[in-house]
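> The primary structure of each chain is shown beneath.
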Amino acid sequence: MPLWLGVVPFGLAYAVIARDAGLSLVETQALSLLVFAGSAQVSAVGLFARGSSGLAVVLTTFLLNVRHVLYGMSLARRVPMTPRERLAGAFFLTDEAYGVSISRGSRAFPFVLGAELSLFITWNLATLAGALLGGVIPDPEKIGVDFVFPIAFLALLVPLLRRRADVAVAVVAGFVAWLLSKWLPGGLPVLAAGAGGALLGAALTRREPA
Amino acid sequence: MSFWFTCAGMVAVTFGSRLAGLTVRLRLPAFWLRFLHFVPIAVFAALVTPSLQGSRGEGGIRVVAAALSGVVAWRTRQLAVAIVAGMAAFWLLRLIPGQ
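Chains as they are written, first to last, in this note's numbering: chain A, 1267 to 1476; chain B, 19 to 117.
One or more of the hints may lead you astray.
[As the list claims (entries may be wrong)] Estimated spans, in silico, between C-beta atoms of each pair:
1) B:Val99 - A:Leu1450: 28 to 38 Å
2) B:Val82 - A:Ser1319: 26 to 36 Å
3) A:Ser1290 - B:Trp92: 29 to 39 Å
4) B:Leu111 - A:Pro1346: 53 to 63 Å
5) B:Val81 - A:Leu1450: 19 to 29 Å
Bear in mind the hints are in silico, worked out from the structure with no lab data behind them. Small disclaimer: the values here were computed from a predicted structure and weren't measured. Every residue gets a Cβ at the ideal spot worked out from N, C-alpha and C, and that includes glycine.
Make the full structure from the sequences, and use the hints.
Okay, here's the thing in structure tokens:
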């Protein structure tokens, strides 16, 4: 599955960054097992490294993951689920699992859960490998492992830039965060520039179809 | 200890969002649908710039290596390739004497 090929390097990168940010092996793995949301996990450890408060991390996670409400609404219309299936289906729901379930057009819950679980297992194995790898890198500061932060986020950002408004939002949010980070500590600049940038994008595309 | 509080909060907002979508019926206004499209773009961009500078006065090298990594990400759309290219460029540029 080409899907797993994308998850493995992402999981490795997440775990190496997490270890560099000072998280233990158990903490790094716990986020993958319990939260299981790639972009939110990478953002969270990026914020931990900046000495962000826990509240800013949770709010940024919410900002990033509230889109899952949309996936859930779309999935619930296509796939009938019992209440218990809904709990399991919700816990393991991700962008990729949603994408596969919708594109295959399957209306069976076992197919959805199978897609979700295969991603969950791959993500956690990649996390474990990356966390072990990140733990044995000697003197991470000296070889500049912290440079993985900006380039990992840049590599996640670039494929998302499809329209002119996307580029405008990225440039403005990046500049605002850089400016704010000179005065505000931790995760606040990211939270403010993230929410503000998304508001700007929604306002800019008022005349375009969503 | 504070890590585990934060972790619990992350679980609550993530699982809460996922379960809410599967459970409740509501229609989001078009403005907020577009807002959600731009959230990852704005957050990722906001995470790049403050960490670009670095703490050891290597700002110039880091910006050049990041730009190269961005171009590689754009051409290949492969996270791993872009990271390896960016790190390689960073290490090579550091070898140049006089930096």
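> Confirm or reject each hint.
Outcome of the hint check:
1. Checking the proposed 28 to 38 Å range against valine 99 of chain B and leucine 1450 of chain A shows it holds: the Cβ atoms sit about 34 Å from each other.
2. Taking the beta carbon of each, valine 82 of chain B and serine 1319 of chain A are about 33 Å apart, inside 26 to 36 Å as hinted.
3. Between serine 1290 of chain A and tryptophan 92 of chain B the Cβ separation comes to about 35 Å, which falls inside the hinted range of 29 to 39 Å.
4. Here the CB-CB span from leucine 111 of chain B to proline 1346 of chain A is close to 56 Å, well matched to the stated 53 to 63 Å.
5. Checked against the hint of 19 to 29 Å, the pair valine 81 of chain B and leucine 1450 of chain A passes, with Cβ atoms roughly 22 Å apart.
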